[in-house]
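Student: One-letter residues, chain by chain:
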Amino acid sequence: MSESRRKFIQQVGGGLVGLSAISLLGKFTEVEATANTEVKDKPAQIRWGMVVDMSKCKEGCTDCVQVCHSRHNVPDHGNAKDEIKWIWKAPYKNVFTSKSHRYQQQGQLEKPFLTLCNHCDEPPCVRVCPTQATFRRPDGIVQMDFHRCIGCRFCMAGCPYGSRSFNWRDPRENLKQLDPHFPTRERGVVEKCNFCAERIDQGLNPLCQEACKEGVITFGNLNDPNSEIRKLLGEKRTMQRKTELGTAPSVFYVVES
Amino acid sequence: MIYNAKVVLPILILFVVVLTYPFWQGGTEQRPEPQKPAKAAQCVEDAAWMRANHMQLLDRWRHEVVRKQERSYTSTRGQVFEKSLVNTCLDCHQKSDFCDKCHAYASVKLVCFNCHLNPELVEP
Ligand code: SF4
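Protein sequence lines correspond, in order, to chains A and B.
Quick note: the first sequence uses the working numbering, first residue 1, plus one each step.
Quick note: the second sequence uses the working numbering, first residue 1, plus one each step.
Rather than coming from a laboratory, the hints here were simulated on the basis of the structure.
It is possible that some hints are incorrect.
[Claimed, not checked] Here are some, though not all, of the chain B residues that point toward chain A, as calculated from beta-carbon distances under 10 Å:
hint	residue
1	Ile2
2	Leu14
3	Val18
4	Thr20
5	Arg51
6	Arg62
7	Leu90
8	Cys92
9	Gln94
10	Lys109
11	Val111
12	Leu121
13	Val122
Since the structure is predicted, the reported quantities are computational estimates derived from the model, not experimental observations.
Yeah, the Cβ is synthetic: ideal placement off N, Cα and C, and Gly gets one too.
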């Protein structure tokens, strides 16, 4: 029996004894309802966010992707069906589906954009997860508890950005180098970018931000008006992906003027 | 009296003997003796408690680390540890000598290492 269950049973037992004692004494007093239960709507101190400035991103460079995938043991199965990705580049027309049109500037539709989980403020993946394996941390990170994932893939249907990948195969088949400090996944589990939650808890920035030599990625607290990220958002013209869906992404893109 | 006692009794006795064989043939002597790790004098909690409760401790740890961002553990002796199977437990113990031996003896399947990596196999 687990310790907590043992304690719980002891407490319930104690409670029952107490209750019967009260009833024996015939001392029932009516408890008046109080208004103290009301929860105040207080904004969280921290909401982590990211700004991506693609004008600085070098063509063909995949430094951020390499570092992220190798440190998080993300395998490369070498085919699109089994593909697992946390951060990757995709053409503008796929990243900004609702902002693309056929008369766009030359080359714009095919221009690669860096994309990852948006760590939405209203994450649909969290709403549909039947086991709460995906949940929103108080600091805004949409985190996965791989221990709990049952592989139903509701979150993959719920996410409008294709940020999630499913392990159709054992990831260890195609991991040349393993980093023991981060677990791999099992076959039958969904995975995605975790904003480097394991590093943020140690006061470090995400690996992709650190790996990029061009300064494409700015990471910081969106709820702190003096943070670097908020200053950047205040200065530059930026946009998010598919805002019309109400997911409120925490990843922003600088739009070239 | 027992019907057909001459036949039934010996069979019954033999049955009980076979059934209780594991208890009286000295099974406890074959209990695995994993090596004491050289790195630390003491485990996170004392050894007897760990033997009985390590699974619950690890279960609580993983829950607190992943879901509550509580990453350090203060033991009853007041020492602080990182809540980590790979970085803390396996820093002293070796999976092959420690986890595997007892789990094979107790016939309890380990699922931790389906995802978590055994540093013995990874680091050269
Ligand atoms: S981008 Fe997709 S996976 Fe990430 S929080 Fe939003 S809905 Fe969930």
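Student: Now, for every hint given, state plainly whether the structure supports it.
Tutor: Hints, verified against the model:
no.	hint	verdict
1	Ile2	violated, 41 Å
2	Leu14	violated, 36 Å
3	Val18	violated, 31 Å
4	Thr20	violated, 27 Å
5	Arg51	violated, 14 Å
6	Arg62	holds, 6 Å
7	Leu90	holds, 8 Å
8	Cys92	violated, 15 Å
9	Gln94	violated, 13 Å
10	Lys109	violated, 14 Å
11	Val111	holds, 9 Å
12	Leu121	holds, 8 Å
13	Val122	holds, 5 Å
Consistency note: the structure conflicts with the earlier hints numbered 1, 2, 3, 4, 5, 8, 9, 10.
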